Structure formats: C-alpha cells, structure tokens
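Visitor: Sequences listed follow chains A and B, in order.
Residue 153 in my numbering sits at position 153 of the first sequence, and the numbers go up by one each step.
Residue 245 in my numbering sits at position 245 of the second sequence, and the numbers go up by one each step.
Treat the hints with caution; some may be incorrect.
[Stated by the list, open to error] Which chain A residues face chain B? A few, computed with CB under 7 Å, are given here:
id	residue
1	Ser61
2	Ser66
3	Arg203
No lab work stands behind these hints, which were simulated from the structure alone.
Because the structure is a prediction, the values reported are computed rather than measured.
Positions of the beta carbon are idealized from the N, C-alpha and C atoms, including for glycine.
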Amino acid sequence: MQRRADKPSTPRPPRPPAKPRADEPADFKPSGLGRSSDEELMLRTQRGDRQAFSMLYERYSTSVLSYLYRMMGNLDDVESIAQEVFLRAFRFAPSYRYPQKFATWLFAITRNLAINYARRRKRSPVRSVTELNLEGVDMSGDPCQIAARATDSVEKQEEIARVLKALDDLPTDLKEVIVLGVFQDLTYSEMAQITGTKAVTLRSRMFHGLKRLSRQVGGPQEPPNPAP
Amino acid sequence: MAEIEFESDEFLKLLTDALRAGPGSPAWHQALDRLRTQGVADADELRLLCEVRQHLESGKDYRTVRAGPGFSRKLMAAVEEQSVRSPRGLPPATLLAIVGALLIVGVIVGVGIILLRSSTTRGPELLKNALLASEVFASDFSDGTPGWRPIGGRLLVKGSNGLTVQVPRDLDGGIYHGGGILADKPLAARDMFEALATVGVGRPTEQLAVQLFVTDEPSFPQSPQSANPRHELVCMIQGSQVRVGLPDGSVKAGRSVQPGQTLRLRIRMDRQFVLVDNDDQQVYLGRHGLSEDRPRYVGVRFEARGYERPDALVVRSVKILKP
Numbered sequence: 001m002q003r004r005a006d007k008p009s010t011p012r013p014p015r016p017p018a019k020p021r022a023d024e025p026a027d028f029k030p031s032g033l034g035r036s037s038d039e040e041l042m043l044r045t046q047r048g049d050r051q052a053f054s055m056l057y058e059r060y061s062t063s064v065l066s067y068l069y070r071m072m073g074n075l076d077d078v079e080s081i082a083q084e085v086f087l088r089a090f091r092f093a094p095s096y097r098y099p100q101k102f103a104t105w106l107f108a109i110t111r112n113l114a115i116n117y118a119r120r121r122k123r124s125p126v127r128s129v130t131e132l133n134l135e136g137v138d139m140s141g142d143p144c145q146i147a148a149r150a151t152d153s154v155e156k157q158e159e160i161a162r163v164l165k166a167l168d169d170l171p172t173d174l175k176e177v178i179v180l181g182v183f184q185d186l187t188y189s190e191m192a193q194i195t196g197t198k199a200v201t202l203r204s205r206m207f208h209g210l211k212r213l214s215r216q217v218g219g220p221q222e223p224p225n226p227a228p
Numbered sequence: 001m002a003e004i005e006f007e008s009d010e011f012l013k014l015l016t017d018a019l020r021a022g023p024g025s026p027a028w029h030q031a032l033d034r035l036r037t038q039g040v041a042d043a044d045e046l047r048l049l050c051e052v053r054q055h056l057e058s059g060k061d062y063r064t065v066r067a068g069p070g071f072s073r074k075l076m077a078a079v080e081e082q083s084v085r086s087p088r089g090l091p092p093a094t095l096l097a098i099v100g101a102l103l104i105v106g107v108i109v110g111v112g113i114i115l116l117r118s119s120t121t122r123g124p125e126l127l128k129n130a131l132l133a134s135e136v137f138a139s140d141f142s143d144g145t146p147g148w149r150p151i152g153g154r155l156l157v158k159g160s161n162g163l164t165v166q167v168p169r170d171l172d173g174g175i176y177h178g179g180g181i182l183a184d185k186p187l188a189a190r191d192m193f194e195a196l197a198t199v200g201v202g203r204p205t206e207q208l209a210v211q212l213f214v215t216d217e218p219s220f221p222q223s224p225q226s227a228n229p230r231h232e233l234v235c236m237i238q239g240s241q242v243r244v245g246l247p248d249g250s251v252k253a254g255r256s257v258q259p260g261q262t263l264r265l266r267i268r269m270d271r272q273f274v275l276v277d278n279d280d281q282q283v284y285l286g287r288h289g290l291s292e293d294r295p296r297y298v299g300v301r302f303e304a305r306g307y308e309r310p311d312a313l314v315v316r317s318v319k320i321l322k323p
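Start from the sequences and build out the full structure, keeping to the hints where you can.
Guide: This is the structure:
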C-alpha cells in the first residue's frame, strides 16, 4: 500500500543530531535542498531563500490543491485559494516557529482560507472565472473512473464509486476529518492542531463519518442528521 | 455514540486509529484480529466500517489534482514580486501591533506632557485665585507671644501692642544679627495656606529689617542671624524696599516703602508654588523651592546691624489662613 499517495515521495533524513539552540538546527549546508526536512526548508525560507520555498511548494502543491478540491467540490476557487495559500506561507514565513511541523502549519493556513472563501461565496454567489492551470482533473474527478482503476470487480467498483460520491454529501465537519485523516494521512493530533478541535471529537467524527458512508454499501440506515 | 467512549474505550480507540491509518497499518491488523477473534459487540457493523475504509483507500486518488506549469509559473512570479515589494518584512499583524503600541505610548507621553505643562502653568494660577478665608491662627501680640517660640540670641523680641525688637546699643555693626519668633504648630506641606503680616514702618533703615518667613527646617544654627537661608522663603522690609528671598539665594525686589506706612506682607503657598505680595502688589509668583514633603513653619524675624529704636519697625499682627 502506498501511504501519502498524493505527495511526492521525497526522502527526508532525520534532523541534525546536535543543535546549538533548541529552536534552530546547527547549520545549513548550501546544497542538498532536496534532502532537507520541510522544517529546515522553512527556516531557510524565513531567511529569504526562495529556492527553499520552491522546494516546499513542489512537495506540497498537490496536497494543498487536492485537499481544496475534495473539500470544496468544485474547481472554481481551488486555483486562486491555493495560490493565496502559498503566497501567504511565503509572506508570513516569519511567523512560523521551528520546529513546528510544517505540514500542520501549512494546512492550518489552507483550511482558514478555504473557510473564508466558502463564507464569501455564500454572501456573493458571483464566481471569478480563472483559467484552469491544474492537471489530473479529468482523470481523478470522476468516481467511476477512479473505481475502475482500483479493481476489476464490477460490484466493488460500484461500491467504491458510491462511497466516493457519498463523501461529497457528508456534513463538512465529518468530511473534513476523512479528507485530512484518510486522504492527507494526518494523525488525530495533527488534525487537532489544524482544526483546533479535540482529538477525541475527531475520532468520533471519523467513526460517524464512515458509518454514514457505510450506508452506501448496504449498512444500517441512520436517521437523518444525527449529530456526532 | 458519546465522545467520552472514544477516550475511554480501548477498542474504540484502536478502531478509530485503524480507520484513520487504513489497511496495512499495525492498528488495522490489530483491530481486525480483535473483531475476528473476540466477541466484540456490533462486530458486523464495525466490519462494514472497515470495508468502507478499504473502499476509500482504493479511491485515494479521487480528486487528486496537480499544479500545471502555468499555475506554478504564475505563483512563483507572484512570490518573486512579493519578495521584491516587501523584502522579508514583518507580518502585517505584527506591524499593526507595533504601530498600535507606538501610538499608545505616544498618546501616553503626550498626555503626560500636557498634564505636566498644565500643572506648571495652572498651579500658580490656582494659588493666585484661591480663596483662603479660614483663620487657623492669629496673633496681634498684645499680650506676649503665645503660640510662638523665640529664636536667636542677641536680639530680643517683645510682644506688647505689636511685636518689636530690642536692639542692643553695643551691637557689632559689621554683620546682621537675628532674633524673632517661630510658630509652634507646623503646617502640612500638601496644604495651601497663607501667612499675612501687618507691619508698621516708623522709619525705613538699612540698619534694621523685618522678615515674614516660611521654613521647612524648624531648628536654627548657632549663628548671629539664626537663619537657614536654604530652607527659608522670606518676605522682608529692608531699607526702603520690600524684597523676597528664595532658598536658592535669589532675591526679588518689590515696592518701595515710605515712613509711617503700614504694609501687609503676604505669603501664600502650596506644595510647589508661592505667591508673595505686599498690599496686593505681587512681588513673586512661582516655585518656592522648599521641600515638597516636609512641614512648614511660619516665623517672624528681625535682623539688625546697629542700634535702632523699637518703633522703627513694628509687626502689628500675623495671621495664618487656609481655604
């Protein structure tokens, strides 16, 4: 099984063993950016290293774009929100505190921006039309195509497609924990940091979210809108 | 299902770990083992959850989108532009907080300066316009000097139809000798008060002077003058002029004095400022230079450097008034 399927698999060595200060690694080598951890790259970004930021962008652009696509369900705003996410990450790099996990920090920005955009769209239904500069939309946006690639069993294909379609209809709080935990492979503790919700609540949401999806594959019917 | 169960129920915790981590993870294997081998309640329903989780794992590529070259180029151009526009500056919120803090400090400093200025300008004005009508002490020296204690050695003062001085005929004419009286009761430094003396001038002369003074030091050195110039504010008639002496040594000149005249010398004082006038003609208004904390004592002193008749200068009365 491939973990973190939508992230490039970049090898990350452990952090330098000896550190002069608790909040900063001992030294940076001028080369070998690809082997640096996300957090080390972020420290370099704080010092104005745009190459380090490009590396972070390469590592996380797919994660951020996919998260936004799954959460928002449409492509209208995904491009502009994702662009704003990385611009903010660069602009507010000084506010990042090493050794906080970079992924957690970045997804907190992403989530906040997505929530703000969603609120604004509610108030103003006029959408800005942008040129689509994304790849993989046609292939991955159709649940049936995804299911067909996953198995030869037609019955299973139907079940997978039904589950994926049902994901869109979940309440946002239940969908969010599945997208972050299952698709983005974040732990409950990391999700708690990003969402500001207690881990035990997130466990409950995961359980109830999957329970709702299970109705699509013949599970017990639940009364409508049971709050987890 | 209540939240608390997810915290306390060990199996539910394991199951939710497995549902998050997915097929292949250690938690997944453990959870399925327990579902198979142990009698877990609602096992069928929980197996169904695991089946859904497997479907999600199979569909993990669902809505995976990647940035195209156009998106990356556009973003990096914006980053470049941003780094040129604000080279590694502080976040706007931090800048806003700093500007806000500076503004608050500026306002506090401004208000402080205004208050300080107003206290230095308003203080004397308040003193000038205050109404002090409550008499706390008065003496016309008709029957001695009760409420006062004598100061000085060679000059003896006498209270009888006014306060007069007996100047010895053999007084050394080179220096001034002092003698007088000091009020027994002090006045609090924080309180505004007024000392008012009425002086009859028989013959203005440089040989003899009379002083109405306020001091913050009630003991006097064993010197001919019996005075503490650095601790006294003095309003005096010397020769043919009214003068004011401040603790810092400076002297302010007032009106001239005529023979046979009766003058009213007034010292009005608060914690910091003093107004001195004679017959309502201001001689000095400003900081008095005495301690702002130590109690004040009002006194009357004669200074002589040669013989003069007692009726040359007669203090007819002294009053102390408060608001």
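Visitor: Now tell me, hint by hint, if it's right for this structure.
Guide: Each hint, compared with the structure:
The beta carbon of Ser61 (chain A) is positioned within 7 Å of a beta carbon in chain B (closest approach about 4 Å), and the interface hint is therefore held. Given hint, Ser66 (chain A) at the interface with chain B, holds; its Cβ is 5 Å from that chain's nearest Cβ, closer than 7 Å. Because the closest C-beta pair between Arg203 (chain A) and chain B is about 4 Å apart, less than 7 Å, the hint holds.
Comparing the model with each numbered hint stated earlier shows that all of them hold.
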